[in-house]
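K.L.:
One letter stands for each residue in the lines below.
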Amino acid sequence: MTKSGILLALCIMVLAACTQQRSPCLTPKTATLNVETIHMATDSSLVPVDTALPGAIFVALTQNGADSFQYTQQSSQFVLSLAPVTNVCQWAFTTDSMKYHNLFDTLTFYYQRNLQFLSNACGYTYFYSIDSVRTTHNNVDSLLLTNTAVTNNVATKHLRLYIHTQY
Amino acid sequence: MSLRSICAYISILSISLVALLSSPALYAQADTTATDTTQAPKPKKKDMAGHQLCLGVDIFHPIINNIIGNQTGYEFAADYYLHNEYYLAGEGGWGSANVNYSDLKYSTTNSFLRLGFNKSVLNRDGPKDWDMMMIGMRLGFANITRSAATYTVTDSVWGNSDSSHVGKSFPALWIEISGGMRVELLKNFFAGWNIRGKFMLNGRSFNDLAPLYIAGYGKGDKNSNFDFNVYLSYALRWDKKGVKVVEKVVEKDK
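Same order as they appear, the protein sequences are chains F and R. Be aware that the first sequence starts at 1, since it is given in the working numbering, and climbs by one per residue. Be aware that the second sequence starts at 1, since it is given in the working numbering, and climbs by one per residue.
Each hint should be verified, as a subset may be incorrect.
[Said to hold, decoys possible] Calculated Cβ distances over 10 Å to all of chain F for the following chain R residues:
# : residue
1 : L104
2 : T109
3 : N188
4 : N229
5 : D239
[Unchecked claim] Lysine-lysine pairs mimicking DSS-like chemistry, simulated, CA-CA at most 30 Å apart:
#  : chain 1 : residue 1 : chain 2 : residue 2
6  : F       : K29       : F       : K157
7  : F       : K99       : F       : K29
8  : R       : K105      : R       : K187
9  : R       : K187      : F       : K29
10 : R       : K168      : R       : K119
11 : F       : K29       : R       : K105
12 : R       : K222      : F       : K157
13 : R       : K187      : R       : K119
14 : R       : K222      : R       : K128
15 : R       : K222      : R       : K168
16 : R       : K119      : F       : K29
17 : R       : K168      : R       : K128
Calculated directly from the structure, the hints in this document are not laboratory data. Because the structure is a prediction, the values reported are computed rather than measured. Glycine residues also receive a C-beta, built at the ideal position from the N, C-alpha and C atoms.
Let the hints inform the model, and build the full structure from the sequences given.
P.N.:
Structural data, given as structure tokens:
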């Protein structure tokens, strides 16, 4: 192969390397609802205790059935998602998968959806504005909505779940 | 982009350009050894350059867009010499882009126009020396037409949702700073390149779906872009009155 042939082949390789694929999406695509769990030492106490739940289970109650997420390690921080196809969705929740008698609580979220164009690399997603949250009270004592805007900002905490002293 | 950001951009650009254009270092190198402060002020140099209208075509974007495959862009340029190394400059062209991803599909076409000026920062060897190293500024405008767009929001837990946006037309407005050079390779034929920093002024107006590619600007979902052009140009020239006489006098002096 002559020198000019090698040069031409190199040029073709360089140009081929420039061929554009879809750019990688570098931002989180899904808006996440970040939950933290807290419990008090006693019912009358005002001081929260570190509440790492031993084996929490969150179950998304979808139209096609249930989709469960089991946390195998202790945690007090949980990540949920809201349904992009409706303005209301439900999650079932229990504190410890090992306690067979443990009852589930149902968290019901009511919200508005806001379509959001992220970029051509990431496409569209939904951000949410939460109107209200309701819960049953088997393990959950009460809840506090700390931020109603659910976006792809993973650092924002949205919901605080106060767990009964004896969970 | 907020009004504050736009103001900041414009301020930075203006200050940079004023600093560059008024820098005595560009012109005064020959005078740096002079120490006699009582010397009479030198008479202003008469601008002996004639008229020049330069017409060019960008060869970089057609090649690179052909390689990329899903977009096209064609660009023509013209500049006219005003005086004191200032050129009135403009570029125009058209282009298109086609997005065909699994979760996003649409196409756009646009035409664009950029107007502004160039300033040559090279000292001329003589009135017939048109080689230049330049800096410049432009205001760019594009008229974009987008087809109906279909999209899918994917969610592995709750299921996907499909929807669409109707097609529409909208404008884009941006400012640019540029720098580059141009060399006369053959009589009246130039080759040159420039780099450009581009800053979108009205990006928020099409935040619902920013075009993948705007010919003349670049990536439509970015508030700033850097771009590169390679121009081949032809110059049309005609003399100013008296320029030939002055040139003869200059030659005699040599």
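K.L.:
None of the hints should be skipped; say for each whether it holds.
P.N.:
Hints, one by one, checked against the model:
1. L104: violated, 5 Å
2. T109: With a cut-off of 10 Å, T109(R) remains clear of chain F, as the shortest Cβ separation is near 16 Å.
3. N188: holds, 30 Å
4. N229: holds, 17 Å
5. D239: holds, 43 Å
6. K29(F) x K157(F): holds, 17 Å
7. K99(F) x K29(F): With a Cα-Cα distance of about 35 Å, the restraint between K99(F) and K29(F) is violated, given a limit of 30 Å.
8. K105(R) x K187(R): Distance ~48 Å between K105(R) and K187(R) Cα, so the pair is violated.
9. K187(R) x K29(F): Violated, because 56 Å separates the two Cα atoms, which is more than 30 Å.
10. K168(R) x K119(R): violated, 38 Å
11. K29(F) x K105(R): Holds. K29(F) to K105(R) sits at ~18 Å (cutoff 30 Å).
12. K222(R) x K157(F): At roughly 29 Å apart (the allowed maximum being 30 Å), K157(F) and K222(R) satisfy the hint.
13. K187(R) x K119(R): Between K187(R) and K119(R) the Cα gap is close to 22 Å, so the pair holds against 30 Å.
14. K222(R) x K128(R): violated, 42 Å
15. K222(R) x K168(R): holds, 20 Å
16. K119(R) x K29(F): violated, 45 Å
17. K168(R) x K128(R): Violated. K168(R) to K128(R) sits at ~49 Å, over the 30 Å cutoff.
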